[in-house]
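We have chain X; now place chains F and V onto it with these hints.
Residue numbers (the numbering used here), protein chains in the order written: chain X, 1 to 338; chain F, 339 to 743; chain V, 744 to 1032.
A portion of the hints provided could be inaccurate.
Heads up, simulated DSBU-like pairs for lysine-lysine below, C-alpha to C-alpha not over 30 Å straight-line [said to hold, decoys possible]: (1) 612(F) with 797(V); (2) 629(F) with 505(F); (3) 728(F) with 505(F); (4) 728(F) with 439(F); (5) 563(F) with 506(F); (6) 414(F) with 691(F); (7) 629(F) with 647(F); (8) 797(V) with 615(F); (9) 629(F) with 563(F); (10) 153(X) with 465(F); (11) 797(V) with 482(F); (12) 563(F) with 647(F); (13) 153(X) with 482(F); (14) 395(F) with 634(F); (15) 505(F) with 723(F); (16) 439(F) with 153(X); (17) 629(F) with 612(F); (18) 629(F) with 697(F).
These aren't lab readings, by the way, just hints derived from the structure by calculation.
One-letter residues, chain by chain:
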Amino acid sequence: MGRISIWVSLAVLLLALPWASSGYVVFLACLCGVNIVATLGLNITTGYTGLLSLSHAGFVAVGAYTTALLSNHWGVPILVCILLSGVMASLVGGIFGLPSFRLKGIYLAVATLAAQYTIIFALRQGGPITGGDSGLVVSIPQIGGLALDTNQKFYFVVLAVTVLAIWISRNLFFTRIGRAFIAIRERDFTAEVFGINLMRYKALAFMIGAFYAGVAGSLLAGFMRVVTPEQFSLTESVFYLAAVVVGGAGSIAGSIIGAVFMTLIPEFIAFALESTQEAFGFRAIAILGSVREIVFGGMIVAFLVFEPRGLSEVARRIWARLKRTKSSSSDNAHSKHT
Amino acid sequence: MFSLKFSKRNLLGIVGAITLATITSSAALAQSKEPLTWSVNLSLTGPLAYSGELQAKGFEEFAEWVNQNGGIRGRKLTIITDDTQYKVAVSVANLKRAQSKATISFASGDGTPWVRAVSPENNQTHKILMSSGSFASDLVDAAKYPLHFVPGPNYTDQIIMLLEHIKKSHKGSAPARVAFIYSSTEFGRDPIQASKAHARQLGLEVVLDEETAFTAVDVSPVVVKMRGAQPDYTIFQGYATSVWPEVIRLAREYGLKSQFMGTIWAMDRGIIVKLGKAADGYTGVSPYTFKSTGSKDEVLSAIDALRRKNDPAYDGYPTIPYMQSWFSALMAKRAMEITIDAGKPITGENLAKALRDLKDWNTGGVFGVPVNIIGNRVPVGRIYKYDAGKNFEPVPISDWITVNK
Amino acid sequence: MMFLEYSLIGIAAGGIYGLLALGFVFIFMASGVFNFATGQMMMLGAYFFLAFSKIPGLPWWAAFALAILGSIVVAIILEWVVIRRLIGQPVISAVMVTMGLGWMLQGTASLIWGQVPQQLPDVLPRAPIFIGEILVPGRSVWGFVIAIAVALASVVYFRYSRTGVALRATASDQITAYSMGINVPASIRLTWIMAAISTTFAGVIAGSINGVTPELSNVAISVIAVVLLGGVNSVGGVIIAGLMMGWLETISGVYLGGHWREVIPYLAVLLVLLVRPSGLFGSKLVERI
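If we strip away everything but chain X, and leave its shape as in the complex, we get (with noise of 0.2 Å):
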């Protein structure tokens, strides 16, 4: 009874969003979703899987400017710019990591570090076609007839999506071949003897986890309407490892809170040096940046050492004790009227 108003509360407040507050609210909103579908992909191919991968960015970057110019060129709808960015990334994905999927992880991580570094030579490099350094400006997303032309108005794709986006993850490890990856990231050798082949769950592993970057990439051109190369940088693929971690990899709760999480804390950093502008005068924004990275890098290595099961763990345990209590003190409720 209670589990559902939550549900139904949560649905109206989501879809309510924006109209009910400023572009700036719904702006990270979009950016939460964006990272959320990202963070999910790379969940699998390394929270589940175990594979590591630097060139999660690398693969946004592909879906974004395969929608951007998908649309500027030919109009496409934006949903099937979705779905095709999708594609497209997962198929680089594929590529760059041929080589690499029938030797052990380490060398996937460097094949993935030449594929990040590789993708963002290609697009700076891309001259008219991809815009160089300056980028694209991705013309005005369309569905059917409607243009999108406000973040108010994307912000309803980028939900759906989403939404999709974990409903497919929750129910991709019900089936054989999500529990293929989690023997593989458990025992990869014991798996093969069980009959999975390694070499084409690794690749399949990778790509999916490619495939929903291409769709966040895709996202993420519908609603900043720009983009450029350095976007999706190195750091960036870092941020999304972090998220993983954070959130508590091999886990689908984790993805959410690890990347809305990692979304919102340079805003509450921001917004604490803000507020201590007064002390310190505007140099306070000025050290926004390394103070990032310093938290940032401080959550991985946090986590990893104290709590490498992220915060969806942490989430778990207090519920858990949050339970407890409930029920020892309906316990002594019973026992006072017996």
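Chains F and V alone, transformed into the frame defined by chain X:
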């Protein structure tokens, strides 16, 4: 399995955000004699931090001056300053955040990527007057950037000024040999094609076209190339505080005699002084007057007074980034004064029109001559030469040049 | 003829790569951890030198010694406080921790010293050196000489000293090393100390040539490519691979364009992965899945 705990957290977060947002948006509804709020986005960190800091100070002291003198037609000036970390996504987010706090009547950014990223939505929806520290050449396109005004001549204008000067002053019968060294960024690459074409048009010989990384570069290969090409003049474009000083130093060690030249962002006196003897004779373009000491002009003397008041060690040179901020702010202020006087509402379109209609505007000493705004910019500048013998005072070696393009 | 000049400059720059790659490889061989914080350790070494050299009256070599000491302290803290705690967790966690640590170091450095490029004191002689008709910048030559000297010293130590033998035993088989009475944890800590020393040398050399900013850490990104090119378990091989990579980067920067420098190491890596994953000099002991 979904942990329900997570959804409760999300809920609290969203409720909190909505509450906060409602409060701020209702506050912004009350206007009339409200302060004018500007959003200033600068690279306070990252490779451009050096100029970013000076630019921030420029805006800060401009606001101090304006508010000391009754504000803009009685309305107080408030400036929201944010750090872009030289990242486009961050600067776009900063502008949105500023907009959620107050109605923004003017926005200034750190560079070309910011202008490009913000323009589409701004031109269509928000229509805020814009300026920036970018002097990119394609910003003269009034159709694409109707609301953005460049606070000086663009990079191509500046290099043309240098090339014309080379043509005039080059001694000897052989055509002058010119080298271009620039960074592989948009900032660097922007004017190169047009500049090379113009150079050839003038009969100058382009002997080197060298693109390098933006920072942390080993400049040895570049100088080796210079040694092979033997340019008489070497023009830098697209760097902040590194790479070009190292090229100068290494080239001098190699015994190369080329004359070094730069555009606005490669003219900083602080860096030249640090280079010492190697930088003697360095020549470049500055749109603005260099020194404020002893000025009788309205704005320049105000700058001088403020700088002396706030910085006991002030040496008379406000620095180019500082002046650039002042001029961008001055443009916005003038546009707002004209618009308010005409009884029109302060919108980007009205402000832009006010600027375009300006004729022979006396800028109070920032520029040495009255200026007009042509193609969304002020195509006026002067060539200065640093003289080691005069304690690196930038000596003007040309008149105030207006480029008509 | 200019080609020769470029080649020499490139190989000289590669000295730094060889040194950094060594730091990488020592740690990897002893504990299987890819230290993604190598670049930041290098940057920190350079900043320590900058900071200590500002102390009035302190001769530069004392400042340098202090810088090395500082780096060693940081490395020991990194290894003891954090990496130790991760024994038992999959190696991927340790690798990600080094990434996080690297980020923290970089953020801290930019907080303390800012992001504007700074000049190190002129320790390496600047005068260009003539080799026949060819002119090579002084700092490049001296940087190369020092880098190679330190690298070779490390290799000799690794090969022939008693501690070196213990290290090699730990590297090839931890469990057997334990049973032979070798103090494995101490050996691992030693590799971190050796990495601290080599990265400080590399950092000061690189900082002298390029200027010091927190971005200096990025020099080490291509070191991962160098290590793979040389072979993750070949100490001598990665030094040679470093020189090759330095040469390749400079030549491609000159003839293809400056923007190629960043991507060329990784294109080389992709090629290596396709053709010879164990690297040019590594043993064929590349584990397949």
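So, going through the hints one by one against the coordinates:
1. Distance check on the hinted pair: residue 612(F) and residue 797(V) sit about 17 Å apart at the alpha-carbon level, within 30 Å; holds.
2. Restraint check for residue 629(F) and residue 505(F): satisfied, since their Cα atoms lie roughly 27 Å apart, inside the 30 Å limit.
3. Of the supplied pair hints, the one linking residue 728(F) and residue 505(F) holds, its CA atoms being roughly 26 Å apart against a limit of 30 Å.
4. Taking the CA atoms of residue 728(F) and residue 439(F), the gap is near 49 Å; set against the 30 Å cutoff, the hint is violated.
5. For the suggested pair residue 563(F) and residue 506(F), the alpha carbons sit about 27 Å apart, so the restraint of at most 30 Å is met.
6. Only pairs whose Cα atoms come within 30 Å are accepted, and residue 414(F) paired with residue 691(F) is accepted, the gap being roughly 23 Å.
7. Annotation: proposed proximity of residue 629(F) to residue 647(F) holds, straight-line Cα distance about 16 Å (limit 30 Å).
8. Annotation: proposed proximity of residue 797(V) to residue 615(F) holds, straight-line Cα distance about 24 Å (limit 30 Å).
9. The hinted pair formed by residue 629(F) and residue 563(F) fails the criterion: a straight-line CA distance of about 36 Å is larger than 30 Å.
10. With a C-alpha separation of about 19 Å, the suggested pairing of residue 153(X) with residue 465(F) holds against the 30 Å cut-off.
11. Distance hint between residue 797(V) and residue 482(F) is unfulfilled; the C-alpha atoms sit about 51 Å from each other, more than 30 Å.
12. Among the hinted pairs, residue 563(F) with residue 647(F) is inconsistent with the structure: their alpha-carbon atoms are about 48 Å apart, more than 30 Å.
13. Under the criterion of a C-alpha separation no larger than 30 Å, the hint pairing residue 153(X) with residue 482(F) is consistent with the structure, at around 24 Å.
14. With a C-alpha separation of about 22 Å, the suggested pairing of residue 395(F) with residue 634(F) holds against the 30 Å cut-off.
15. A hinted pair counts as satisfied when its Cα atoms are at most 30 Å apart, and residue 505(F) with residue 723(F) qualifies at roughly 16 Å.
16. For the given pair, residue 439(F) sits about 21 Å from residue 153(X) by alpha-carbon distance, which is consistent with the 30 Å threshold.
17. A threshold of 30 Å between alpha carbons decides the hint, and for residue 629(F) with residue 612(F) the separation of about 19 Å falls inside it, so the pair holds.
18. For a cut-off of 30 Å, the pair hint linking residue 629(F) to residue 697(F) stands: about 26 Å separates their Cα positions.
In this structure, the earlier hints numbered 4, 9, 11, 12 are contradicted, and the remaining ones agree with it.
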